[in-house]
Amino acid sequence: MKASPTFVLLALAFCGNAIAEPAALLKLPNFDSLADKATESVNITLDASLLGLAAGFLDASDPDDAAVKDVIGGLKGIYVRSFTFDEPFAYPKADVDAVREQLSGPGWQRLVEVRSRKDQADVDIYMSVIDGKANGLAIIASEPHEFTIVNIVGSVDLAKLHKLEGQFGIPKLELERKDAAGD
Amino acid sequence: MSDDLETKLRRALRPVDTDVDLAQRVLDALNDEDASAAHRSVRSRAPRWHIPVALAASIAALAIVGVQWRHHQYEEEGLRAREELLEALRVTSSKLDLAYRIVNSDAQPDSDNGGA
Numbered sequence: 001m002k003a004s005p006t007f008v009l010l011a012l013a014f015c016g017n018a019i020a021e022p023a024a025l026l027k028l029p030n031f032d033s034l035a036d037k038a039t040e041s042v043n044i045t046l047d048a049s050l051l052g053l054a055a056g057f058l059d060a061s062d063p064d065d066a067a068v069k070d071v072i073g074g075l076k077g078i079y080v081r082s083f084t085f086d087e088p089f090a091y092p093k094a095d096v097d098a099v100r101e102q103l104s105g106p107g108w109q110r111l112v113e114v115r116s117r118k119d120q121a122d123v124d125i126y127m128s129v130i131d132g133k134a135n136g137l138a139i140i141a142s143e144p145h146e147f148t149i150v151n152i153v154g155s156v157d158l159a160k161l162h163k164l165e166g167q168f169g170i171p172k173l174e175l176e177r178k179d180a181a182g183d
Numbered sequence: 001m002s003d004d005l006e007t008k009l010r011r012a013l014r015p016v017d018t019d020v021d022l023a024q025r026v027l028d029a030l031n032d033e034d035a036s037a038a039h040r041s042v043r044s045r046a047p048r049w050h051i052p053v054a055l056a057a058s059i060a061a062l063a064i065v066g067v068q069w070r071h072h073q074y075e076e077e078g079l080r081a082r083e084e085l086l087e088a089l090r091v092t093s094s095k096l097d098l099a100y101r102i103v104n105s106d107a108q109p110d111s112d113n114g115g116a
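Respectively, the protein sequence lines represent chains A and B. Taking this note's numbering, the leading residue of the first sequence gets 1, the next gets one more, and so forth. Taking this note's numbering, the leading residue of the second sequence gets 1, the next gets one more, and so forth.
Where hints are given, some of them may not hold.
Said to hold, decoys possible - As a list, the in silico EDC-like pairs of lysine to aspartate or glutamate whose alpha-carbon atoms are at most 16 Å apart:
1. A:K37 x A:E87
2. A:K69 x B:D97
3. A:K93 x B:E83
4. A:K160 x A:D64
5. A:K69 x A:D59
6. A:K118 x A:E143
7. A:K27 x B:D4
8. A:K27 x A:D86
9. A:K37 x A:D86
10. A:K160 x B:E75
11. A:K69 x A:D157
12. A:K93 x A:D32
If you are wondering where the hints come from, they were derived from the structure by calculation, not from laboratory data.
Bound conformation, chain A alone (with noise of 0.2 Å):
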């Protein structure tokens, strides 16, 4: 039996979507040793179906909720790993290498890469994007006393993420005011 060029095309653009969809996706690993020792652990796994349950409980007619909402709209996952440590802490590096080797491969580009020897803190953000559209989003953060991963899957709006400051406790960015100022 003989498939038709359009079954081959269009089963070869499904296999395409399954596949560079979960690109955006990292292995994190458990992190057990730092869990261990943490005061305070962050384990979030929330896949497309807790998310769509989550936007279920979130108000629409509430100015907040709905901004939530619409941030998490193109949004297929988030997974958040961060540990807090009364005192300073090595990071198992074997780990952090493992996440950052697989933010080497394609698709997966720096955005930002700061290190501040005054705050002894390392930030490095990294954006996926396939066919020109940003489809995921990593950071990872160590701090002395804090170290932080976190792997957004879906198509990320920092604009969007940027309109919940200063709600749900989420930090004030303050980017527009620096901005102006710098203006």
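Please build the complex by placing chain B on the supplied structure of chain A, with the hints as guidance.
Below, chain B without anything else, positioned relative to chain A:
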């Protein structure tokens, strides 16, 4: 000796008059027996429709409890997912803020020098 026994027996077995309401008590006892017999008869017939109805009621009650339990669980999961979503956005935003602050604090001395 035997005369004495015979006398005692005669005395014991002598005919006596019945109570005035004996007949009534006998009739009452008969009526009671009829009533309990009728009750037994009703109970013996009851399972024919009582058991299926009881079963159906139990199933309906279980179904209602099940639906309510699932709704309660759905609500709990939804609220937990909402809290986790807000926490994830808070952490993400705080790390973006950290990067911005570092970039800004590094840029600050340069701009000061430039201005001087």
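Now for the hints, and whether the structure bears them out:
At roughly 10 Å between alpha-carbon atoms, K37 (chain A) and E87 (chain A) fall within 16 Å of each other, so this suggested pair holds. A C-alpha spacing of about 21 Å is found between K69 (chain A) and D97 (chain B), which places the hinted pair above 16 Å, so the restraint is violated. Distance hint between K93 (chain A) and E83 (chain B) is unfulfilled; the C-alpha atoms sit about 31 Å from each other, more than 16 Å. With a C-alpha separation of about 12 Å, the suggested pairing of K160 (chain A) with D64 (chain A) holds against the 16 Å cut-off.
Restraint check: the Cα-Cα separation between K69 (chain A) and D59 (chain A) comes to about 9 Å, which is no more than 16 Å; the hinted pair holds. Distance restraint check for K118 (chain A) and E143 (chain A): the Cα-Cα separation of roughly 11 Å lies within the 16 Å cut-off, and the hinted pair is therefore satisfied. Proposed proximity of K27 (chain A) and D4 (chain B) is contradicted: the alpha carbons are some 115 Å apart, above 16 Å. For the suggested pair K27 (chain A) and D86 (chain A), the alpha carbons sit about 27 Å apart, so the restraint of at most 16 Å is broken.
Our distance criterion of 16 Å between C-alpha atoms is met by K37 (chain A) and D86 (chain A), whose separation comes to about 9 Å. With a C-alpha separation of about 27 Å, the suggested pairing of K160 (chain A) with E75 (chain B) is violated against the 16 Å cut-off. Pair hint K69 (chain A) plus D157 (chain A) holds up; C-alpha atoms about 12 Å apart against a cutoff of 16 Å. Between the alpha carbons of K93 (chain A) and D32 (chain A) the distance comes to roughly 14 Å, so the proposed pair stays at or under 16 Å and holds.
Checked against the numbered hints above, the structure violates hints 2, 3, 7, 8 and 10; every other hint is satisfied.
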